[in-house]
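Starting from the given sequences, assemble the full structure and let the hints guide the process.
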Amino acid sequence: MAVSEVATTSDTYTASVRRWPITRLLEDERWLSFVLLLPTLVLLSLFIAYPFVKGVELSVTDAKVGVPGNFVGMQNFAALLNDSIFRIAVWNTIVYTAVTTVFKLAFGLWLALLLNRNFKGKAFTRAFILLPFIIPTVLSTFAWKWMFDPTFSVINWTLFRLGLITSRINWLGDPNLALISVIIVNIWRGVPFYAISLLAGLQTINPELQDAAAIDGARPWQRFWYVTWPLLLPVTMVVVLFSVIQTFADFQLVYVLTGGGPANATQLFATYAYQIGVGTGLLSQGAAISLAMFPVLLVVVIVQLLYIRRVETL
Amino acid sequence: MIEGAKWRRWVFFYIPLSAFVFTLLFPFYWMLVTAVRPDSELYRPWSAPNYAPFWTAHPTLDHITYLLQETLFSTWMLNTLFISITATLISLFCGIFAGYALSRLKFRFAGMLGTGIFITYLVPQTLLFIPLADVVRNFHLGDTPWALILTYPTFLIPFCTWLLMGYFKAIPRELEECARIDGAARWQAMLYIIFPIAVPGILSAGIFAFTLSWNEFIYALVFLSSPAQKTVSVGVTSELIRGDVFYWGSLMAGALLGSIPVAFVYSFFVEHYVAGLTGAVKG
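Protein sequences appear in the order of chains A and B. Using our numbering, you'd call the opening residue of the first sequence number 1 and step up by one each time. Using our numbering, you'd call the opening residue of the second sequence number 1001 and step up by one each time.
Honestly, the hints are just simulated from the structure, not real lab data. Keep in mind that the hints are not guaranteed to be accurate.
[As the list claims (entries may be wrong)] Restricting the straight-line Cα-Cα distance to at most 30 Å, the calculated cross-link-like pairs of lysine-lysine (DSSO-like) are:
no. : chain 1 : residue 1 : chain 2 : residue 2
1   : A       : K120      : B       : K1006
2   : B       : K1169     : B       : K1106
3   : A       : K122      : B       : K1006
So this is what it looks like as structure tokens:
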């Protein structure tokens, strides 16, 4: 009697679980994960993996818009090595990435440390500070382009009124200044991202460590250098690597401000690839220029992966 | 909390913080002033006696009415809204499932797939836009909103997946096991127990994905060609400039109005946005 009762309850139990064959299939973790990952895999292979293969394919042909092109081997890459504009673009990209990263990190850290204190209106300030990062880059860059306008620049007007300059500065038209102007806008846009990410990192650090160091007689600067900074380093690394990738491949800022000019003074990898691939319609060369970024990006990604793995195993 | 003498507080705190806030926000103020300033004042030389660059005595809505009546601006807004919302929903759908599978299920290649998705997360749009334009054309998606709706998920899905993996990992396994002991199928436990707990994470991912789509530029620039299909960023860039002539008043009005939807969403969900931003970095 008792035994049969147990049997029936276990029957109803299994019945409630195994209603449909498909449900039974989804009980298997391998099948369930396959089904769950399928939409992602389809989209990513169609629009990332396939274009990547296609890009490599394009870069070894002489295809133009509407012309399929023939296999030419490494000719496009060889041509790039002798292309003086490409060399300028590589150099500009390196300078642009290095200089902006240093300044974004320095200012971002400073701002994060300021925001990490308690003061009235802190949440409010933090919310407003992120605006340069969330407002569409192209649109806010237009505001800068207007502020840099050769004739009506408000920056020039202010400097002039303060007596700091006597003639107008041609921010974007002067080849020596254009890259600096572009760098300024990139820093302006990037600092909030650094500040907010680093602030999140700072907030995970136990304030008692600071207090303990203070009791031991550490000065504020020592407290920062020996306590806060080492603990903040993992977050800092990830933020920097992210931002390096984004900056290295930047396009919109330069496209709006200078279009790569004057005389290629602000030409970057991406703007040059656009100019050749879309502007002139030399698809294969454009694809080759884009792909030339790949080795550098790969190194950064590998560093990041190794770093994250190390942090996770710690 | 801020200790020390009054002058120290000013030198080390109030002055630098105000300088940061001023510099970071000034361009937006400038946008606003320019958008409501009449042309006669905009293009007045410095030497004019009554030149006052930081405000205007005669605000006008001319630039905004021009923008709304004479250009396709409202069409661009609707296009961008449609594209951003649809791309975000698709990416959330894929990202939630993928994030769950990668963080809570055991299967072969799980580690490899996770790394693969992380790498696609780091692929910048400028690396692939030329071959991708070809692919989009071959699929007959060129110059339609679907060209963007289907390609934006390539950077949104990895982001959502990565962010949500963090959220799913933090949910204790026991919750799911309890539901399974009570007779729930595995997918039911996932759908009714785990997903509702992860709602804050899903919201963060969605808001961040929406702003990323609204912000995207190069795909929209390359894949769309007819003026009526364009997004706000591209429309403002290409259609409000005739040759070398910039209509700064309407350009700034366009920049201002084009930012409102993102700013609006952001203002309601600041905390979620920040959680998305920092979660994405911490992984």
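Going down the list of hints, with the structure as the test:
no.	hint	result
1	A:K120 with B:K1006	holds (16 Å)
2	B:K1169 with B:K1106	holds (13 Å)
3	A:K122 with B:K1006	holds (19 Å)
Checked against the numbered hints given earlier, the structure satisfies every one of them.
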